[in-house]
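One letter stands for each residue in the lines below.
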Amino acid sequence: MTAVTDETLSFDEAMAKYDPVLGFEVHVELNTRTKMFSAAPNAFGDEPNTNVSPVDLGLPGVLPVVNRAAVEYSIKIGLALGCKIAPSCTFARKNYFYPDTPKNFQTSQYEDPIAYDGAIDIELEDGTVFTVEIERAHMEEDAGKLTHMGGATGRIQGADFSLVDYNRAGVPLVEIVTKPIVGAGSRAPELARAYVATIREIVKNLGVSDARMERGNVRCDANVSLMPKGSATFGTRSETKNVNSLRAVERAVRYEIQRHAAVLESGQKVTQETRHWHEDTRSTTAGRPKSDADDYRYFPEPDLVPVVTSEEWIEELRAQLPEPPAERRRRLKEAWGYSDAEFRDVVNAGVMDSIEETIAAGASAAAARKWWMGEVSRRAKEAEVDPAELGITAATIVELDSLIRAGKINDKLARKVLEHVLAGEGTPAEVVQQHGMAVVSDDAALLEAIDAALAAQPDVAEKIRGGKVQAAGAIVGGVMKATRGQADAGRVRELIFERLGVAG
Amino acid sequence: MSEINREAVAHLARLAHIEMTAEELDKMAGELDVIVDSIKTVSEVAGDDVPATSHPIPLANVFREDVPGATLTNEQALSGAPDAEDGRFKVPAILDEE
Amino acid sequence: MNELISSSAADLAAKLAAKEVSAVEVTQAHLDRIAEVDGEVNAFLHVNTEEALAVAAEVDALRAGGLAGELHALAGVPIAIKDLIVTIGQPTTAGSKMLEGWMSPYDATVISRIREARMPMLGKTNLDEFAMGSSTEHSAYGPTRNPWDLDRIPGGSGGGSAAAVAAYEAPLALGTDTGGSIRQPAAVTGSVGVKPTYGGVSRYGAIAMASSLDQIGPVSRTVLDSALLHEVIGGHDPADSTSLTDPLGALAEAARSADVAGLRIGVVRELQGEGYDAGVQQRFDESLQLLRGAGAEIVEVSCPNFRYALGAYYLIMPSEASSNLAKFDGVRYGLRVLPEDGPMTIERVMGATRAAGFGDEVKRRIILGTYALSAGYYDAYYGSAQKVRTLVQRDFEAAFAQADVLVSPTAPTTAFRLGEKLDDPLAMYLNDVATIPANLAGVPGISVPGGLADGLPVGIQFLAPAREDVRLYRAGAALEALLEEKWGGPLLAQAPVLGGVK
Ligand SMILES: [Mg+2]
Ligand SMILES: [Zn+2]
Chain U
1 MTAVTDETLS FDEAMAKYDP VLGFEVHVEL NTRTKMFSAA PNAFGDEPNT
51 NVSPVDLGLP GVLPVVNRAA VEYSIKIGLA LGCKIAPSCT FARKNYFYPD
101 TPKNFQTSQY EDPIAYDGAI DIELEDGTVF TVEIERAHME EDAGKLTHMG
151 GATGRIQGAD FSLVDYNRAG VPLVEIVTKP IVGAGSRAPE LARAYVATIR
201 EIVKNLGVSD ARMERGNVRC DANVSLMPKG SATFGTRSET KNVNSLRAVE
251 RAVRYEIQRH AAVLESGQKV TQETRHWHED TRSTTAGRPK SDADDYRYFP
301 EPDLVPVVTS EEWIEELRAQ LPEPPAERRR RLKEAWGYSD AEFRDVVNAG
351 VMDSIEETIA AGASAAAARK WWMGEVSRRA KEAEVDPAEL GITAATIVEL
401 DSLIRAGKIN DKLARKVLEH VLAGEGTPAE VVQQHGMAVV SDDAALLEAI
451 DAALAAQPDV AEKIRGGKVQ AAGAIVGGVM KATRGQADAG RVRELIFERL
501 GVAG
Chain P
1 MSEINREAVA HLARLAHIEM TAEELDKMAG ELDVIVDSIK TVSEVAGDDV
51 PATSHPIPLA NVFREDVPGA TLTNEQALSG APDAEDGRFK VPAILDEE
Chain D
1 MNELISSSAA DLAAKLAAKE VSAVEVTQAH LDRIAEVDGE VNAFLHVNTE
51 EALAVAAEVD ALRAGGLAGE LHALAGVPIA IKDLIVTIGQ PTTAGSKMLE
101 GWMSPYDATV ISRIREARMP MLGKTNLDEF AMGSSTEHSA YGPTRNPWDL
151 DRIPGGSGGG SAAAVAAYEA PLALGTDTGG SIRQPAAVTG SVGVKPTYGG
201 VSRYGAIAMA SSLDQIGPVS RTVLDSALLH EVIGGHDPAD STSLTDPLGA
251 LAEAARSADV AGLRIGVVRE LQGEGYDAGV QQRFDESLQL LRGAGAEIVE
301 VSCPNFRYAL GAYYLIMPSE ASSNLAKFDG VRYGLRVLPE DGPMTIERVM
351 GATRAAGFGD EVKRRIILGT YALSAGYYDA YYGSAQKVRT LVQRDFEAAF
401 AQADVLVSPT APTTAFRLGE KLDDPLAMYL NDVATIPANL AGVPGISVPG
451 GLADGLPVGI QFLAPAREDV RLYRAGAALE ALLEEKWGGP LLAQAPVLGG
501 VK
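Protein chains in written order, with the numbering used here: chain U, 1 to 504; chain P, 1 to 98; chain D, 1 to 502.
By construction, these hints were calculated from the structure, which means they are not laboratory data.
The structure displayed is predicted, hence computed values, not measured ones.
Beta carbons: idealized from backbone N, C-alpha and C, even for Gly.
Just to be clear, a hint being listed does not mean it is correct.
[To be verified] Chain U is faced by these chain D residues, among others (derived, beta-carbon under 8 Å): (1) A108; (2) D240; (3) D329; (4) A375.
[As the list claims (entries may be wrong)] Distance condition first, Cα-Cα at most 20 Å in a straight line; then the derived EDC-like pairs of lysine to aspartate or glutamate: (5) U:K381 to U:E342; (6) P:K90 to U:D46; (7) D:K97 to P:D83; (8) P:K27 to D:D423; (9) P:K90 to U:E342; (10) P:K40 to D:D424; (11) D:K97 to P:E19; (12) P:K27 to D:D424; (13) U:K145 to P:E75.
With the hints as constraints, model all of the structure from the sequences given.
Here it is, written out as structure tokens:
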């Protein structure tokens, strides 16, 4: 296929003339032990075509049987999205031929999804909350994995042949479909990213999915259309398939808005089609236009019987739901007394859980934040990992903090201690012991150093005596230098004032 | 009259992935037309008040517990494959993208 | 004729238990019979000589070793398997070029149960391709012939199983019945065939034609034999979501009781008369007289919506079949055909494979089903057919309020000549007019021999409410006993001699 580079309008120009309408179909792979309709293991990364039963290969004569856990996970997702749960629902066959689809139909749901009519609040980075309405969440099965061989790019175009691994075929999926999202305006790309991030967070929090986008556990198809400002009639939409990172979701939506705007500005019509996102060029290319081949001939799956959900069953599952992430954030912010900005930084840095653990282990909210947002985040950045993955435990932070509060070490020393802890030399207390890193806490030794410093800077001593207490810093600095940092700066300060007979 | 013409059959054959010659399309169109004519009274029998029955014996909530069971070996999985490579099924290039 | 092959399964079981004969002798006798007559009949697509004899030898060894107590009552009694049911160790073709030589890596549930019972499997029997047909002429491997007249069809789609049993090549066989594929072949070959209640026998491993209609069931020469086989294969299977959890019921006991005194038998007004051969109607009326004489109460019932059943069936069946047969695409198993020219893409390989692998009738049904499900037609066709199904069920409910079982001729005609209806699909479809309502409603049915018309067998069908298969065996066995008393022996004793000495 010849890739024609599409025209785009600048984002600001596009936003001046059009209102974007978004829609998302997010596929979530459930982390059940077995597949949706067979007892073969649901596992990632195994040898090809080893996690398959006759059912997953669509061998002649096989029949599906529904995994109870997959249904329960789906109901939990529905509840977490604020959906109604269908009192009774059925499976349906979606008929289309594709070599990764073993039966050449996908067992899915059509007219009666298990969950429908929900809404979730999406919080943008600056704290703006946007409500997204959920049309439906339905159960279905994943397809196998195709590898295109022989072509230069590993892409489908130009490949000589393809290889099919059906290990993923039949893995349970929940497809979450939004209602059209209007009113996001220029924040549409940001909202797109936040929406997918929120879905990911919700399913991860529920424990029903590993939610790893890089493994395809969460996959997003983004629909974009534009309507001229002031109009309420939706334009023709494009569907950008499998946008598989949060950053890509944001970029793809932004790109499609700009592309649609350019098409409309040139007086042409947007084609209803599938688009493919390319991370390398940060653009989409046209896929298949809608055609008569999209006649999926849905009909009720005769090999499966309806799922009937009693009130008791739903309530039992509702009782198992963990606290929703947004509610939890509200509760923690309140409890910790952080400002809006402080809390948002904590969330964005991905250290909320670590801080919660550290506080639970005995640290103050302020100390926990200081460490996780400060030294730990700095080192994590250097190591290019998430702060939580650096190997620093809540217990380490609590121990460091109590050593500081007991005056055994100061902040500067504590950072050194942390380095030794990270090198695997033991707990903070052990490190302090082994390296003799404790601050000089012998007042006599400190007074000796103070006297020397005062003598060396008589003018400063005079200023302090005259009430300029802030001048004490220079003396403290001298003492710290003399003790090679192993002094408790607070205590030094106290002793200076004591010595000079002034109130600190 | 003739609802099912050659174009209609050609469309259906595409959906069903069955290659058909022009003669086959014509023959099939003729046969289907007769069959459909004879069975279309069905659409006039039942009113809106009659529910559809998809399963002859009504059952509900037939589930399997989430416990791993037997799988095929890779060798068994590929035993019937017309072509295979590296433990996977081998197919010619794919025209459509999905 | 060799008594080992003319005996019923029940008699063979008794002789085996009494050590009058060995399982190897019984199995060998049937293999010999197959070798002797199957060149003419073409009931078998594959003969499973070695495995059958090995299983038989195992049974004999266990019995000789004093372990008879651990053996199933039918252990050592051979059986033939319709080649729509997957088996490890024997090819499964579904009568199609699409699966020529395909070996299943797994067993159907009914096959596992037959193995547990240690019944030697004689081989796989012929059928219309993917069970689509009423004459077995749509097999990719040549037609099966009716043992009563080799120029005539044995019914279908299970013509191979029915002919094998009628030609004494096997005492028992498995069939599948989607619209009559067990009962109609039984009727035209003078044998017995049962379609159990939907869900009564696991469908796991039966290559699906129409999932909501298909049932596996027994084929035999006596009603009791069908009951015994039904007890082997029936009962709950967790691998089939539509499998019933209900206990099977005492089927063989019902067949042995063979008592219709006080039984209310409903004659379905719509399943007789116009369209039914005069000879068929005569035998049917005589059977009613006999039943009445034995103390049954004969009542007339009306099922007005049955007249739409054929139309509904020919929408639902092809719709489901079009989807069930999509998996045959040349990717994972079976035939792959490369297009002769043009680009070599998988889409074109699929198209060429399905063009070459499927026969005309299969293509006809796939295209019809694709049409009935396609956008804009679903409500008028598939949707309406599912509503007719509701009406047919309601008719059954009303009829069963008046009668314990219903009765009709199984098929409107006796066996027709090979080729006679091959170019007229509609005429072919009419063969199933009396059997189809049971599949739509999921109720069980049996066909038992009802005599001859112009020298060819006529079948009598009983239908019972869902889960009441036991009534079929009671009524069927009673009619069988009454007729055999009249004839002085089984109907098949009147069949012409095949393969030399009778
Ligand atoms: Mg979708
Ligand atoms: Zn989906």
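Structure-based check of each hint:
A cut of 8 Å between beta carbons decides the hint on D:A108: the least distance to chain U is about 6 Å, and the hint holds. The beta carbon of D:D240 comes within 5 Å of a beta carbon in chain U, closer than 8 Å, and the hint placing it at the interface holds. For D:D329, the interface hint holds, since its Cβ comes within 8 Å of a Cβ in chain U; the closest pair sits about 6 Å apart. A distance limit of 8 Å between C-beta atoms decides the matter here; for D:A375 the minimum to chain U is near 5 Å, and the interface restraint holds.
The hinted pair formed by U:K381 and U:E342 meets the criterion: a straight-line CA distance of about 19 Å does not exceed 20 Å. For the suggested pair P:K90 and U:D46, the alpha carbons sit about 19 Å apart, so the restraint of at most 20 Å is met. For the suggested pair D:K97 and P:D83, the alpha carbons sit about 18 Å apart, so the restraint of at most 20 Å is met. A distance of roughly 11 Å separates the Cα atoms of P:K27 and D:D423; the hinted pair therefore holds under the 20 Å criterion.
Proposed proximity of P:K90 and U:E342 is contradicted: the alpha carbons are some 55 Å apart, above 20 Å. Taking the CA atoms of P:K40 and D:D424, the gap is near 18 Å; set against the 20 Å cutoff, the hint holds. Of the supplied pair hints, the one linking D:K97 and P:E19 holds, its CA atoms being roughly 16 Å apart against a limit of 20 Å. At most 20 Å may separate the alpha-carbon atoms for a hinted pair to count; P:K27 and D:D424 meet this at roughly 12 Å.
Proximity of U:K145 to P:E75 is assessed by CA-CA distance (about 18 Å); at most 20 Å being required, the pair is judged to hold.
Comparing the model with each numbered hint stated earlier shows that hint 9 is the single one that does not hold.
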